[in-house]
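Colleague: Listed here are the chains, written in short residue letters.
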Amino acid sequence: MSSPYLELKSVTVKAKGEVVLRELNLVVTENEIMTLVGPVGCGAEGLIRFIARPQNFGVIQGEVKWHQPCRLGFVSNQLGFFDELSVFDNLSLALRFIGIRSHTHLGEAIEKVLRRVNFWPEVKPFLHQPVKELSLFHKVKMNLARSLLFKPDFLILHDPTQFLGPIQIIEYENIIQRMKPKVSSLWFTTDLEQAARASDSIAVMKEGRLLEFGLAEDIFTTPKLLETEQFVTRRIHV
Amino acid sequence: MFLMDFNSPVDEYFVKVVLRSILIIVLATFFAQLIVAAVIAVLYLFLTTEGFAELKNIFQYLDSFPIVMLGVFTVAIFIRPLTFDEWIVFLTALMITPTMYYWLRHSLGSIKSLRDFASYHQVNSFRSAQVMFPFYLAFCVDYFFVGLKNVLLPLVFILVVSDYRIILPRLVEVGLTYQAFFLFLSLFVSLHILSYREMRI
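As they're listed, the protein sequences go chains A and B. Plus 89 on top of the position in the first sequence (first one is 1) and you've got the working numbering. Plus 67 on top of the position in the second sequence (first one is 1) and you've got the working numbering.
The hints are simulated quantities; they were obtained by calculation from the structure and are not laboratory data. Since the model is a prediction, treat every value here as computed from it, not as a measurement. Careful, some of the hints might be misleading.
[To be verified] In silico DSSO-like cross-links for lysine-lysine, where the CA-CA straight-line distance does not exceed 27 angstroms:
#1 A:201 <-> A:269
#2 A:98 <-> A:154
#3 A:269 <-> A:154
#4 B:123 <-> A:105
#5 A:221 <-> B:123
#6 A:103 <-> A:295
#7 A:228 <-> B:123
#8 A:201 <-> A:228
#9 B:216 <-> A:221
#10 A:271 <-> A:228
#11 A:271 <-> A:154
#12 A:240 <-> A:228
[As the list claims (entries may be wrong)] One side only, chain B facing chain A, incomplete, derived with CB under 7 angstroms:
#13 109
#14 112
#15 116
#16 177
#17 180
#18 184
#19 185
#20 187
#21 188
#22 198
Idealized CB from N, CA, C, for every residue including glycine.
One chain only, chain B, in its complex shape (with noise of 0.2 angstroms):
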């Protein structure tokens, strides 16, 4: 199915377009990844005791920001269809919400009773935080595949198994379609339970 004729303009909007897309997906969540690990790594330097268990209070709503993020764009799409761009900001977030939800809800506390340990031993803030940061990246590497698959991989199933060169056009012309995008929510959401559920968080 992806046997392209570059002479075809499906084809070739394939390559520009849909290619050019995940790429600049994949990059913008891998950033975004390196961001939420430099603000653990600050957070890990800067904040209080106290503050760790402010913001784990605050981070207990967070298991519904997955929800709440698919509500916005439910919402937003009956409005008008998305732009390219708002998609790609829809997608990017939605594959750093598992990296999201992992360090903010679920390991601050480890996070914070480490560094309280580290400071118990008389080890040096800094020299911890330089210590845990490669462990940060390891984990948005993880998570960062973690959202790949439930992202993309949705994604490049519907273009195969839905013949791309109908579907394409027709998301050319209105963005994406309303049944386009409850399937691709369906899939989403029973993705991201799934991945939890695996990861026991």
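If we strip away everything but chain A, and leave its shape as in the complex, we get (with noise of 0.2 angstroms):
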């Protein structure tokens, strides 16, 4: 059994005026993808943006209590990359943020992370080319590099993948489940399958409450809830 890594007790939080979640109680555990699925407006991309950057929310009432000290890193869905410039100094811009400089030490990181999402090979004839000759699923993977050079144990995953082709999602997914024994994952995502496919448990959130929490299979072939259900089988408008 896998220990607790962060757990949200009956939170209620605004952001501008407005309540984004509702006495929210979940438990993410170590070495495991927890997905976050529900209808737009579901309240599941608020919450990962809570999780990450607290103080630019309110919380009324609750409690997140962190149960092991752990380095975050956030992987968004917009890129932002700069396109003239090369793939190692896009990277590099993020280690020289934590305050690494010398070049060895960025070409060591660098090459590193990028082995690890599995792109090196790919990539290497190109580390000093704009990052505008790569494709998008390069781009993703670099994406995900950058967030790696921090060296997190929990990542968020902000719907990274949606606008990928099919095969690129299950290489995508493969990385991350490869990463599972020293990374836990809380992945946002759009997509029904994906969330099926890439995660041990699903939480299934609706205006911000959360509606129903389980595993992955269960919440696909017995959901305890007729709105889950109604949601998984795409009876409701998504």
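Bring the two chains, given one by one in their own frames, into a single complex with the hints.
Modeller: If you want it as structure tokens, here you go:
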């Protein structure tokens, strides 16, 4: 049994004057991939942003408890690369943020993460080429690599695969799966098939509340609530 | 053609006015680029995410900035010949256009995302701004050379091929003639379009 990593106890938070999460109870355990799904406006996006940057939200009630100290990684759905800069320069910017300046150290760290995301052999000849020459999938992998430069123990993914093709999505999921023994993930996705394939547990949300939480298999085969069933079988508007 | 006889009044004019004006344009452009980099650095530090989005919306209109600027100067030159200072402003503005275009239209989204990325990874805003600033400067220097290529090269080209000994005294008398102006205009526009395509921005 894995130990709990992050626990939210009856958390209600607001942002810009509006309540975005309501009495939310959630436990993310170590070495697992949890996905957050739900219809539009379900609050899943608000939840990952709240976990990543709680200072931007106002906590009305409840408690967020980290059971172990951890380093957080955030993979946004927005790539945010400078197209004119090289792959190396774009990645080294992130390392420079944390004070690494030596070219040797930058090179070693970048090679290591690019190998980790199964991208090194492909990108090696293009390392000093502008990012604009890469394909979208390569940029998405680079985006993941950039977050891994911070050596996170806990990775938050904000729908990074939304514009990828099915085969690329599966390759991306495999990369996240391979990292699971060392990096736990909380993954917000709009793709239900992806949630079913890639996650150990799923939290279904609606209107800022947690509708149902459980093992991926249980959520898809024996949901406890009618609303969950309607959502996972796509009988309500998503 | 540039073998100058410094006893000739035209060569004296060339050295005193043309070279000096080119130097002024280069320096003015360089400092304008620095100001753009500094403005971007300030935006990076203080603009909210929503502020970035608004600004990006506003600068959608920047697509037409070079054309608007050329239009204004075209109208101006029909009213009267441009003064020396006005020409310097015009050429400097043309030279910083690629930088303005790049930063404000193309890169604002990347800057915003990168700032979000830094913030999500608990990197202090001042720390990330400090890291970003040399990159802004490097971009400005790159685009400074793009501007140089776009504006000063045609200027030198025109002076060389058209024999400045004939054209310069005429320019002294009337500012720039309409013909010369439209020659400049077509060269600037075509070179700008070419350079934007090169940069894919």
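Colleague: So, for every hint listed, does it hold in this structure?
Modeller: Taking the hints in turn, this is what the structure says about them:
1. Restraint check for residue 201 of chain A and residue 269 of chain A: the C-alpha separation of about 17 angstroms stays at or below 27 angstroms, so the hint holds.
2. The suggested pairing of residue 98 of chain A with residue 154 of chain A holds, with an alpha-carbon distance near 8 angstroms, which does not exceed 27 angstroms.
3. About 21 angstroms separates the Cα atoms of residue 269 of chain A and residue 154 of chain A, which keeps this hinted pair within 27 angstroms; it holds.
4. Proximity of residue 123 of chain B to residue 105 of chain A is assessed by CA-CA distance (about 21 angstroms); at most 27 angstroms being required, the pair is judged to hold.
5. With a C-alpha separation of about 20 angstroms, the suggested pairing of residue 221 of chain A with residue 123 of chain B holds against the 27 angstroms cut-off.
6. Of the pairs offered as hints, the one joining residue 103 of chain A and residue 295 of chain A holds, with about 16 angstroms between alpha carbons and a cut-off of 27 angstroms not exceeded.
7. Among the hinted pairs, residue 228 of chain A with residue 123 of chain B is consistent with the structure: their alpha-carbon atoms are about 22 angstroms apart, no more than 27 angstroms.
8. Note on residue 201 of chain A and residue 228 of chain A: the hinted pairing holds, with a Cα-Cα distance of about 17 angstroms set against a maximum of 27 angstroms.
9. Proximity of residue 216 of chain B to residue 221 of chain A is assessed by CA-CA distance (about 23 angstroms); at most 27 angstroms being required, the pair is judged to hold.
10. Restraint check: the Cα-Cα separation between residue 271 of chain A and residue 228 of chain A comes to about 23 angstroms, which is no more than 27 angstroms; the hinted pair holds.
11. Simply put, residue 271 of chain A and residue 154 of chain A have alpha-carbon atoms about 20 angstroms apart, close enough for the 27 angstroms limit, and the pair holds.
12. Between residue 240 of chain A and residue 228 of chain A the alpha-carbon distance is near 19 angstroms, which keeps this suggested pair within the 27 angstroms criterion.
13. Because the closest C-beta pair between residue 109 of chain B and chain A is about 19 angstroms apart, greater than 7 angstroms, the hint is violated.
14. The interface hint given for residue 112 of chain B is violated, since its Cβ lies 14 angstroms from the closest Cβ of chain A, which is over the 7 angstroms cut-off.
15. The closest approach between the C-beta of residue 116 of chain B and any C-beta of chain A is roughly 9 angstroms, which is over the 7 angstroms cut-off, so the hint fails.
16. Using the Cβ-Cβ criterion of 7 angstroms, the hint placing residue 177 of chain B at the interface with chain A is satisfied: the shortest such distance is roughly 5 angstroms.
17. The restraint placing residue 180 of chain B at the interface with chain A holds, with a minimum CB-CB distance near 2 angstroms, inside the 7 angstroms limit.
18. Contact between residue 184 of chain B and chain A, as hinted, is supported at the beta carbon level, the nearest pair being about 6 angstroms apart and thus within 7 angstroms.
19. With 7 angstroms as the threshold, the beta carbon of residue 185 of chain B comes within range of chain A, its nearest partner Cβ sitting at about 6 angstroms, so the hint holds.
20. A least Cβ separation of about 4 angstroms between residue 187 of chain B and chain A falls short of the 7 angstroms threshold, and the interface hint therefore holds.
21. The beta carbon of residue 188 of chain B comes within 5 angstroms of a beta carbon in chain A, closer than 7 angstroms, and the hint placing it at the interface holds.
22. For the restraint placing residue 198 of chain B at the interface with chain A, the shortest Cβ-Cβ distance is roughly 4 angstroms, inside the 7 angstroms limit, so the hint holds.
Figure legend: structure checked against the earlier numbered hints; hints not met, in rising order: 13, 14, 15.
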